[in-house]
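S.K.: Protein chains in written order, with the numbering used here: chain A, -2 to 461; chain Y, 1467 to 1805.
Hints in this document: simulated from the structure, not taken from any laboratory.
Positions of the beta carbon are idealized from the N, C-alpha and C atoms, including for glycine.
If a hint is listed, it holds; no wrong ones were tucked in.
From chain Y, some residues computed to sit far from chain A (all C-beta separations above 10 Å): (1) V1471; (2) V1472; (3) L1620; (4) P1625; (5) P1663; (6) I1671; (7) L1697; (8) L1700; (9) R1716; (10) F1721; (11) D1752.
Stretch by stretch, here's where chain A covers chain Y in the computed footprint (C-beta under 8 Å, at least three residues): (12) 1510 to 1519; (13) 1763 to 1775; (14) 1781 to 1794.
Here are the computed distance ranges between Cβ atoms for each label pair: (15) Y:S1621 <-> A:W317: 36 to 42 Å; (16) A:T277 <-> Y:G1617: 46 to 52 Å; (17) Y:P1744 <-> A:P398: 23 to 29 Å; (18) A:H433 <-> Y:P1499: 25 to 31 Å; (19) A:M174 <-> Y:V1699: 44 to 50 Å; (20) Y:G1617 <-> A:D310: 33 to 39 Å; (21) A:V281 <-> Y:S1621: 53 to 59 Å; (22) A:S361 <-> Y:P1499: 43 to 49 Å; (23) Y:Q1799 <-> A:P42: 22 to 28 Å; (24) Y:P1766 <-> A:L389: 21 to 27 Å; (25) Y:S1804 <-> A:P443: 17 to 23 Å.
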Amino acid sequence: MNPEFLSRLQFTITASFHFIYPPISMGLGLILVIMGILYVRTQNPVWRRLSFFWIKIYGLVFALGVATGIVQEFEFGTNWSEYSRFVGNIFGSLLAAEGIFAFFLEGGFLGLMLFGGNRVGPRLWLFSIVMVVFGAHFSATWIIMANSWMQTPAGYELAQTQYGTLAFMTSFPQVIMTPSFLARLWHTLVASWLVGSSLVLSVSAYYLLKGRFEESARAAFKTALPVFVVFSIVQAALLGPQSAENVTDYQPEKLAAMEGVWEDTACAPMTLAGWVKPETQRTVGLKVPCLLSWLAGGSTDTVIQGLNSVPRDEWAPVGWVFQSYHLMIVLGGLFVGIGLLGLLFAVWGERIWRTRWLLRTFVSTIFLTELATMTGWWTAELGRQPWIVWGLMRVEDAVSPNLTTGQLLFSNAMFVLLYTLLFVLFIYLLNEKIMHGPEPVEETTPIASLPDSFRDVFRRHARA
Amino acid sequence: MWLNVVWFILFVVVIAGYLIMDGFDLGVGILHPFLAKSDEDRRISLNSIGPVWDGNEVWLVLGGGVLFAAFPMVYASLFSGFYTAMMLVLLVLILRTVAIEFRSKRPSPGWRAAWDWVFFAASLGIALLLGVAFGNIMAGVPLDARGTIGGNLLSMLNPFALLVGVTTVFMLATHGAIYLSMKADGAYLARIKRAIPRLMIVFFILNTALLAAALLMHEFITERYLAHPLLIVLPGAAFLAVTAGWLMVRRGHYFRAFLLSAAMIAGLLFSAAAGLYPNLLISTLDPTYNLTIFNAASQPNTLVVMLVMALLGMPFVLLYTGGVYYIFRGKVQLTPQSY
Chain A
-2 MNPEFLSRLQ
8 FTITASFHFI
18 YPPISMGLGL
28 ILVIMGILYV
38 RTQNPVWRRL
48 SFFWIKIYGL
58 VFALGVATGI
68 VQEFEFGTNW
78 SEYSRFVGNI
88 FGSLLAAEGI
98 FAFFLEGGFL
108 GLMLFGGNRV
118 GPRLWLFSIV
128 MVVFGAHFSA
138 TWIIMANSWM
148 QTPAGYELAQ
158 TQYGTLAFMT
168 SFPQVIMTPS
178 FLARLWHTLV
188 ASWLVGSSLV
198 LSVSAYYLLK
208 GRFEESARAA
218 FKTALPVFVV
228 FSIVQAALLG
238 PQSAENVTDY
248 QPEKLAAMEG
258 VWEDTACAPM
268 TLAGWVKPET
278 QRTVGLKVPC
288 LLSWLAGGST
298 DTVIQGLNSV
308 PRDEWAPVGW
318 VFQSYHLMIV
328 LGGLFVGIGL
338 LGLLFAVWGE
348 RIWRTRWLLR
358 TFVSTIFLTE
368 LATMTGWWTA
378 ELGRQPWIVW
388 GLMRVEDAVS
398 PNLTTGQLLF
408 SNAMFVLLYT
418 LLFVLFIYLL
428 NEKIMHGPEP
438 VEETTPIASL
448 PDSFRDVFRR
458 HARA
Chain Y
1467 MWLNVVWFIL
1477 FVVVIAGYLI
1487 MDGFDLGVGI
1497 LHPFLAKSDE
1507 DRRISLNSIG
1517 PVWDGNEVWL
1527 VLGGGVLFAA
1537 FPMVYASLFS
1547 GFYTAMMLVL
1557 LVLILRTVAI
1567 EFRSKRPSPG
1577 WRAAWDWVFF
1587 AASLGIALLL
1597 GVAFGNIMAG
1607 VPLDARGTIG
1617 GNLLSMLNPF
1627 ALLVGVTTVF
1637 MLATHGAIYL
1647 SMKADGAYLA
1657 RIKRAIPRLM
1667 IVFFILNTAL
1677 LAAALLMHEF
1687 ITERYLAHPL
1697 LIVLPGAAFL
1707 AVTAGWLMVR
1717 RGHYFRAFLL
1727 SAAMIAGLLF
1737 SAAAGLYPNL
1747 LISTLDPTYN
1757 LTIFNAASQP
1767 NTLVVMLVMA
1777 LLGMPFVLLY
1787 TGGVYYIFRG
1797 KVQLTPQSY
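My request is simple: use the sequences and hints to build the entire structure.
M.R.: Here it is, written out as structure tokens:
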């Protein structure tokens, strides 16, 4: 239980727990924007009812995301002070930009989104939803940017100072557009849309199985299903492979850990499922010959760099990376299957509403998409080990040197207890909201009389 | 060099923004058990800050981000050096968020009373901890040549820092009470109006004691004010603001009193910052170890990039923050969507 291990453990716990929520904020946000547009265009009250219901759930998820996100903002300084000094010039400015551009957008409009339904008209309400959702995506963009710099650093120079070697920025455009940034950004955004749409599918499928709120549930299901189908295919066919190619090009040692490749190999096989044995340097399991070489380089002759090309103390934890990665891949394939099956049963005489086993499958999707997103993130972060900044700084050199085991045991225990409490409350309240369901909206004032543009907001005040 | 000064001022502005904006909703929390008696009062309190507290807290996150980007040496030394205090700040920040979100989700009085208590304790805890941390920054910390701060939570709890902590609590409670007076109505409003002058008097006494202690004990700040007597305009402005605020409270102009309270908070923070300048962290071990706005800063090109981003972003921030306050202006109305 040395301080370094405890700081790692704490960051794993807090970052993983935080990462449950932002993908829902982005994905559910996308569905809410679609519902809002449908209401403005059709005036069908079902969309208004669904908006009120899902915004309540959004508020709950958002609160958890913010509460756990603040921890992340401060933890670099508290636990990783050497890292903070090393990258402050670069990484710090991306976090500050996230605050200026994204958090204020979200924080500013969230109140209007959560409480504005009866206070402003549908268009202005939709505008606030679009702003919050845009803010959530923008926030993620800065974070992926910062994280991509840790994976594939660029636009920097190293300088000797009284506080040791520091990374200084030489080119801001290169810092924000590192080689891995765009591939990782799209992969993460689409994963988040899958998480959000699957939450709507899960809850709606549950209502349909129980025969409750059927009209709303069908409408919500039909909104989320196309999103889920399209993006699961895009993810599996396009963005996933693109991310893997990017890793092959810029972090070949990580790819070697993901696939369990030990020696430099031409015509490398792709393991679909299996097990790595680091002691004997073997990877066993179900393999497709030459597929990995073909996927990575477009030719079966492509040589895949093996783990043995770098010193052993620069290996990622191969077993963990391999299993996280393969679990993600399997789940990604499964989503395409579930989605297409759902689509087939939906267009084939709306059989889906009567097909209970398929509805039950859809209830499970939120757990599966969360698991896939989490294992994807673990693959990226565990695969980066032992580096905190790829090739430049090792994790053990990044930790705050002044922290004691006692301090860290306290903070670890605090986060475990606090986050357990948070999670129990989250599930309890989420369940309560789901049981309560989307009820008909009580209109306190006629919708038509609510201010529905910025001009209205100010004109009304002038009259009053 | 001018960039470092600009970023020092901007950093103080962001912290002042946090103290003013989140300050009133922390104050509402600190007053929660004392002024809000019925469930309706308490819901009015929560909903008076409901649409804005989340945006207000962003100022703190932004403060962390600006410190990280502009003065990374301070971000690293301060946060790791104040480790346990920082962890407790995170604990109470999270508990407060949870209390606000969860309190009104169930009608049970026991549930609500428990979360009311958490809301109060967490609001008090944030104000006290941040005040104590700031007291330690004013007094100086055992900072070594590598930028590592020695000591632990207990050594932070010295009398001067505790005085700063308690003063912060009363400052924000006063600020929160003035804010509530614009939002509440009826018997609850009458109680708030009675409390405001008393809170102001307690705060004024504490702040005078703090000023005396700061001048007597802390050579660096004292010397700086003696060397640059013109700096006295900053505490002078704060004093004028608090006096004018008192008059406005007397006359029942609560919106003006709120603006003056905000001005006073900014005035006090700038007074302290001017006293520390150009230091951000003063070492009690050796003055050459001090982290200043020059030796602790990022390189000029980072500071320029950040300045461009701030100039691009801040007008929007002010625009939509103002817009939300405008839409939710006036007395609180409770609806089914409220907290």
